[in-house]
Each structure stands twice: as C-alpha cells, then as structure tokens.
Amino acid sequence: MLDLSRRQLQYWAKTGLIVPSARTPGGHHRYSFDDLVALKATKRLIDAGVSVQKIRRTVSALLELFPRVGRPLGELVLVATGDVVLAFQDGTVFEAISGQEWVFPVADFEREVLAYRSNGQRAQQRNGTNTPDSSMPAKPGPRGTKHDKKDWSQTA
Numbered sequence: 011m012l013d014l015s016r017r018q019l020q021y022w023a024k025t026g027l028i029v030p031s032a033r034t035p036g037g038h039h040r041y042s043f044d045d046l047v048a049l050k051a052t053k054r055l056i057d058a059g060v061s062v063q064k065i066r067r068t069v070s071a072l073l074e075l076f077p078r079v080g081r082p083l084g085e086l087v088l089v090a091t092g093d094v095v096l097a098f099q100d101g102t103v104f105e106a107i108s109g110q111e112w113v114f115p116v117a118d119f120e121r122e123v124l125a126y127r128s129n130g131q132r133a134q135q136r137n138g139t140n141t142p143d144s145s146m147p148a149k150p151g152p153r154g155t156k157h158d159k160k161d162w163s164q165t166a
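Residue numbers (my numbering): 11 to 166.
What the hints contain is simulated information worked out from the structure, not anything from laboratory work. There could be a bad hint or two in this list.
As the list claims (entries may be wrong) - In silico PhoX-like pairs for lysine-lysine, Cα to Cα no more than 25 Å straight-line:
id: 1; residue 1: K64; residue 2: K53
id: 2; residue 1: K50; residue 2: K64
id: 3; residue 1: K24; residue 2: K53
id: 4; residue 1: K24; residue 2: K64
id: 5; residue 1: K24; residue 2: K50
With the sequences and hints as input, model every part of the structure.
Here is the structure:
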C-alpha cells in the first residue's frame, strides 16, 4: 500500500521518526489511520528528494513552531519544493525548518495571466486571426489542476 519495507518501518519506529500507535501483546506494530497518513507523507517527501535527516529536522522544527500539533507529518499539509519543505497551516504557508512565512500572491498572478491572455487575444484580432492561442489554457483550471511550463509560455 505504501511501498515501504518492514526494515524501514522498524528503523523509523526505533529512531522515533514515526512510532506506531500501538503494539500487540506479541510486540508487533499496529499503525492507526493517522500513522498511515504520516507514513505516506514521509514517503512522499523522500520520493521528492528530501532526506530522512531533513524530515527529522522538519518534524522537530514544526513541533516547536506549532506546539498544539502533535504529529506534524500527519496533521499538516507538507510540500517539498526542491530542497525546501513548506508547511500549510490555517491558510498560511511556512518554510518548515526556519518557520519563515511565505507569501504567495496567487490572486495577483491569476490577474496577470488573464490580462496577458486578454492582450494576446486583442493582438490576434488586430492581426486578423480570431483563433485563441492554443498554447495557453482557455481559462484557469480548477484548483489542483496541473499545468506544464509550456501552458503559460507565449509561442512565437
């Protein structure tokens, strides 16, 4: 389900990265749903190129930054962008280790894209071509839609 080896799970439990919520009388690990969410988040961060050591530092920093959060890997939305891990909490984005707030002017960017597209359509009308530029989406996609760089670039 998570594509994690038994050895990985045991090591993470032994070192305290992700400790299972319960154990059977025979000593076997029992993972709760929250544990599975934390494991999945950890796996995704590793797949994105974040080292286990950086994940440990991230967890420590987030526990300090958000004292009410008991399990950052399972309770916060984390995103890896290159070598930076971002944490989303109550509509605010923080760099996970430094705690520095990031400001994303998404609404401003969307207005710029719409203005750019509008200017491009006016230029096409002046040149006698009324076809929309096929290299750009007709309108912004729904939240969560992924676009390639080429979707937003102007073609010559």
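CA of K24 to CA of K50, is that 25 Å or under?
-> 18 Å, holds
Regarding the pair K24 and K53, is the alpha-carbon distance no greater than 25 Å?
-> The hint holds at about 17 Å.
25 Å Cα cutoff - pair K50, K64 | Satisfied, since the Cα-Cα distance of roughly 16 Å is no more than 25 Å.
Is K24 within 25 Å of K64, Cα to Cα?
-> Judged against 25 Å, a Cα distance of about 17 Å means the pair holds.
25 Å Cα cutoff - pair K64, K53 | 13 Å, holds
Of the hints listed earlier, there is not a single one the structure fails to meet.
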